[in-house]
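Please build the complete structure, drawing on both the sequences and the hints.
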Amino acid sequence: MLYKRAIPLIIVFVMGLLAFVHEFVPHPLSAAFREEMTTWFRIIGGFGMFIGLYSLLHMHATRIRRKQLGWGYSLFVFLGALGMIVLGLVNEPHGPLGSAPEDGTVFDWFYMNVQVPCGATIFSLLAFFMASAAFRTFRARNLDAALLLGAAVIVMFGRIPLSAMISDVFPQAADVLLEYPNLAAKRGILLGISLGAISQSLRILFGIERSYLGGGSE
Amino acid sequence: MRPQAARRKTQAVSGKPQASSRCYLLASGLQLAACSLRPGALLAATLVLACTPLIAAELVAPEAASFRAYDRPSDDGNAIGVEWGLAPTEGEGVAYVLEVASEEDYRAGKFHTRRVPSVAAFKADHPEYYGFSPALKRLHYVHVEPAKFYRPQPRRIAEPSKEEQQKMSPTARARVLAGVAYEQRKERDRLAAERRRINGQTYYFRLAITDGRQTLYVSEGGQPKVVTAAGRPNLFKWGKANNLVFSVLFCAVIAGFIRAARRNPNLFIRKIAGLEAVDEAIGRATEMGRPIYFVHGLGGMGDLSTIAAVNILARVARRACEYDTRVRVMNNDPIVMAVSQEVVKQAYTEAGRPDAYNPDDVPLVAPDQFSYAAAVNGRMVRERPATILMMGTFAAESLLLAETGASTGAIQIAGTDSYTQLPFFIPTCDYTLMGEELYAASAYLSREPKLLGSLRGQDVGKAFLMIAAVLGTLLATLGLHWISDLLRAF
Amino acid sequence: MSTPEADLRRAAIARRVVYLLLAVAIVATTLVPTEMKVVPSPLSRKVYDRLEAMPAGSPILFSFDYDPSSKEELYPMSLALLRHAFRRGLRPIVMTHWLNGVGLCKELVERTAKEAGKESGQDFVFLAYKPGGSNLLLNMGESLKGAFDKDFYGKPTEGMPALKGVGSLRDIPVVVGIAAGGTTEMLIAYGRDRFGFDLGAGCTAVIAPDLYPFLQSDQLFGLLGGLRGAADYETLIGRPDTGVKGMPAQSVAHILIIALVAGANVYVFLIRRPRRKEA
Amino acid sequence: MAPPSQPVRNTRQRVVESAVLVGCALAFLAACLLVRWPEAGPKKLSAEGLGIFVAAGLTLIIYSFLYRDNPLFKLAENLYVGVSLGYGAVMTWYLSLKPEVVDPLVFAPSRAALLDALAHRTVPILMGILLLTRLSRQHGWLSRYAYTIMVGWGAGIGIPIVVHSYILKQLGPSVRPLGGGFWDVAGGLAILVGTVTVLFYFFFSVEHKGPGRAVSRVGIWFLMLAFGASFGYTVMARVSLLIGRVHFLIGDWLGLRP
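Chains as they are written, first to last, in numbering that gives the first Met the number 0: chain A, 0 to 217; chain B, 0 to 489; chain C, 0 to 278; chain D, 0 to 257.
Hints in this document: simulated from the structure, not taken from any laboratory. Model, not experiment: these values are computed from the prediction. Ideal Cβ placement from N, Cα and C applies to all residues, glycine included. There's no promise every hint is true.
[Said to hold, decoys possible] Rough simulated footprint, nothing fancy, chain C against chain D, three-plus residues with beta-carbon under 8 Å:
1. 80-94
2. 168-182
3. 222-234
4. 239-248
Right under this line is the structure:
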């Protein structure tokens with residue numbers, strides 16, 4: 000158990016303490032320590048990316064192997080991913096060990112004409128869902144919801160150029176709403192979240208919070 | 000440490016480098032607390048400044064004793080601080096010329112010069128190093144980085160010309176360019192080390208006051224006064240002292256409350272309005288004899304919001320089982336599903352009805368975001384539950400869920416820490432647990448020391464922030480910048 | 000109580016009518032060539048003024064942290080900012096913290112550089128992407144050429160004319176972060192507050208209200224909010240493009256949605272509810 | 000990804016729908032040819048032109064979801080997920096793993112450069128490999144050593160940075176003197192009252208009764224106005240995305256825009 004649980008927790012505490020203390024020390028050694036550590040994390044980050052990508056592909060692979068619901072579509076995920084990886088590594092002028100694929104390669108063509116339009120369009124669907132929800136379910140059921148919808152209308156009308164043509168009062172109303180009540184409430188929320196973040200960091204340092212460890216058996 | 004003595008110690012010509020710089024700083028730090036509390040001292044200082052008459056033409060040098068040089072505190076040792084008192088004859092045309100020389104140049108009598116206008120460069124301009132005491136307004140101050148006067152010589156790195164590069168094959172060219180880049184990086188590191196070495200040496204300073212026509216040296220015993228200093232790396236940034244104190248105190252408060260919560264689980268937490276709304280909604284579902292839907296968010300078991308959702312689920316399941324109403328729990332994460340099944344089974348056994356538990360009531364509906372929302376919507380429309388509870392972390396799909404839920408006429412209660420989705424839950428749901436309310440509900444129900452302690456500890460932090468804001472504004476409006484200076488972040 | 004199937008069908012029809020209404024509103028306004036005068040908001044003007052005040056040849060770091068999902072909202076303002084930087088003769092250093100945004104960033108830089116006749120490595124440098132997020136910023140704060148030893152095209156950054164005099168983030172006077180997520184807060188805490196550069200922000204309209212506390216505390220010197228921010232900036236640099244062209248449709252869509260929300264609420268509270276009380 | 004409610008489909012409806020689908024496909028092809036045809040006969044289809052057709056086709060397929068979730072939509076969505084995955088993997092290789100691991104070690108320009116790279120990079124590369132063990136069931140715990148260092152550093156450096164940038168710097172403007180004209184004082188007071196009441200709303204150690212209840216009510220009003228502003232801006236954001244896609248379809252694909 001020692002090397003599976005105790006030592007990692009000690010590493011977290013020591014590393015956290017060093018990171019905390021070095022923030023207050025102006026000595027060149029502390030700047031060198033920070034540069035070395037951040038260089039490490041920059042390199043480890045690349046491996047971290049692969050874990051994310053691998054686990055996603057693994058999920059789709061098991062879905063295909065077990066013929067679970069919608070496995071046919073997972074096949075397309077696989078085809079899309081493997082196709083892009085092969086095209087990316089072919090990268091004819093430079094080859095896999097040259098610089099990244101540039102304009103005019105088939106890899107770039109697929110990015111510009113498949114990934115970009117799909118990504119942009121899927122997110123634009125939300126405009127339709129919002130319009131229908133606005134009509135069917137956004138009700139000023141109590142004072143709070145009424146205030147919310149009122150402020151929303153002021154901002155929505157104030158931020159379009161059309162309203163400025165009618166009179167300056169609308170953009171100014173939107174600005175006042177954003178620069179006073181919105182600013183005050185968002186600052187209150189930000190302070191609350193920050194205190195929460197500090198207490199979570201503290202719990203991690205002292206090993207009270209261990210959920211991030213994960214990684215197989217206890 | 001005798002702060003008063005440190006200030007009056009006159010600096011001998013070849014005195015050892017300014018050893019008392021640390022205690023000087025300490026002195027000004029202590030003075031900050033002492034004199035700014037006494038408004039009287041503030042008034043006295045402004046009076047003295049106001050009534051210094053501007054003597055025409057005749058140039059007078061500042062007082063020799065006030066001309067001093069020392070290592071700048073709270074820095075990496077690359078700068079020397081030089082300060083001197085205000086001269087009676089200061090004004091637009093009048094400027095100071097600071098002369099800097101290294102060991103060899105000083106013996107050869109060669110000095111680098113730096114012009115400082117007499118209306119600028121006050122010591123009070125650098126609170127992160129020297130604090131806020133009003134005395135600093137009556138001292139001129141300049142940072143000097145010797146490496147800017149004595150630049151290290153960069154070495155030329157041979158680079159292949161454009162034509163040579165054309166002739167090489169791509170891989171050869173890449174290798175050569177990488178070699179050149181490596182050499183250049185080594186040269187850059189060498190120069191940086193060289194600059195640190197240069198900054199670390201001892202330097203000699205002389206000061207003169209001039210108005211274009213006359214130049215007058217600050218002299219002591221007929222000779223222009225020479226002071227020496229050397230930059231040294233320091234171990235603590237005094238400007239960040241408030242950050243350190245706040246961090247350590249706040250962490251101590253949190254740790255303290257967590258330990259207290261371990262000993263006494265029913266630490267006080269106020270009633271959470273949202274939980275009453277949940278109980279009423281369960282009552283309504285019982286009257287109408289229709290099921291309750293509990294919809295998990297997208298978070299995994301590690302997220303605070305999912306832990307909160309599971310704690311609330313435990314209470315809902317027990318209460319519903321007592322009123323003999325079915326609870327269906329919608330999941331999108333296998334681990335969260337397993338935990339939820341365990342929680343519901345345990346709640347049913349506690350309520351004395353272990354047989355009522357059916358694993359199909361806690362299904363894994365769909366893995367990813369939009370298909371999860373669509374699948375849950377399909378079930379909601381077909382089964383028309385009386386009450387829908389949505390707890391956890393939500394993203395864009397919150398709109399799809401809330402819209403369909405509302406259109407089936409069910410009572411909806413949402414609880415999420417995703418602040419971007421709250422604007423959509425509030426107008427569609429009957430009650431919404433906002434941000435930290437969700438964590439508070441979870442701590443209120445589970446009485447878990449980690450959650451309870453953090454919540455109460457954070458409350459102490461919030462209390463401090465509230466008081467600091469109100470008191471700070473009040474004092475600042477009255478002209479006392481004590482709190483504003485204390486909270487300054489450098 | 001009507002049968003679930005009837006409710007179902009009525010809801011489905013109502014939903015699709017609203018979808019159609021929105022689609023028609025936007026398509027019609029896009030087809031009809033209407034000009035709409037855009038009065039730039041004070042916050043957009045502050046970003047413009049800051050770039051105008053920079054001397055020619057000074058380096059400026061652009062961090063385009065978005066991916067295809069927010070391209071329609073953030074690409075127009077990024078285009079206007081880069082055009083302005085090249086016109087001012089600044090030395091843009093372009094990077095992104097979002098892996099899937101590298102292609103968009105590359106196309107944007109190459110397009111504006113070709114438009115302004117600028118050469119990579121000489122007048123600007125495209126560093127593209129490195130993982131690490133806040134750690135990458137801390138690394139760049141100590142040594143920019145250490146963090147990115149090569150640019151996107153594989154050329155070493157050491158000795159590159161575009162990076163002359165730029166050892167680390169401390170040597171860059173102005174940074175502009177275009178964010179679709181939380182990168183603005185990261186640029187403030189791990190960048191601006193430590194290395195002292197002036198930070199301007201552009202972001203999707205979803206995040207804009209959350210950044211106002213940082214504007215008042217001068218941690219941000221200006222903000223471009225959503226497509227309206229892009230329209231403001233295009234008007235300021237006098238090159239109307241997608242941002243300004245989108246404003247008529249934006250106005251019509253907003254009015255439609257306001258009508259939907261207000262109309263539905265008025266119908267429910269003033270018309271239907273009193274009748275239920277009488278029955 | 001079915002839309003909110005899934006109407007039950009009988010055979011008659013299935014026939015109508017497939018007819019509509021074929022009709023739409025033909026209309027799409029006709030539009031593509033029409034757009035390219037009039038320019039002095041069938042011009043050779045450039046890669047860029049083909050790209051616009053594919054992009055327009057995918058955009059319309061995804062919008063078909065608004066009518067009903069259909070296999071074409073699921074196909075396009077999963078193809079998108081796959082292509083993004085592939086793009087992410089390739090770019091991670093070219094922009095991170097190759098320049099940080101392969102180039103300095105395998106293609107080191109000189110012995111000194113190689114030794115320098117080994118000195119600075121061996122430990123992080125080993126830790127990166129340790130990180131990969133997380134994928135295996137029984138060796139997963141080895142990955143903890145890489146995680147703990149990163150999580151420890153993040154938590155440790157996070158505390159002073161959050162205190163500095165999100166607490167002290169944000170408190171700065173809250174402790175400024177209330178000065179200037181009436182509106183400046185009123186504005187400053189409004190922000191102070193707003194911040195304090197919102198903080199009090201999220202305060203759980205005191206019962207919200209009597210004065211506490213009034214303060215938290217005011218806090219809720221400020222929160223509602225703030226969420227209203229976010230609501231309005233989010234509508235603006237989503238509408239802009241739709242406008243962008245419509246500009247693409249009408250402008251770049253059909254070339255109708257003036």
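Practice task
Quick one: see if chain C covers the segment 168-182 of chain D, three-plus residues with Cβ-Cβ under 8 Å.
Solution key: holds (count 4)
Problem - Outcome, coverage of the segment 239-248 of chain D by chain C - at least 3 residues whose beta-carbon is closer than 8 Å to one in that chain - result: holds (count 8)
Handout entry: Assertion that chain C covers the segment 80-94 of chain D - criterion: three or more residues, beta-carbon distance below 8 Å
Key = holds (count 6)
Practice task
Check, residue by residue, whether the segment 222-234 of chain D contains three or more positions whose beta-carbon lies closer than 8 Å to a beta-carbon of chain C, and give the verdict.
Solution key: holds (count 6)
In summary, the structure agrees with every hint in the numbered list given earlier.
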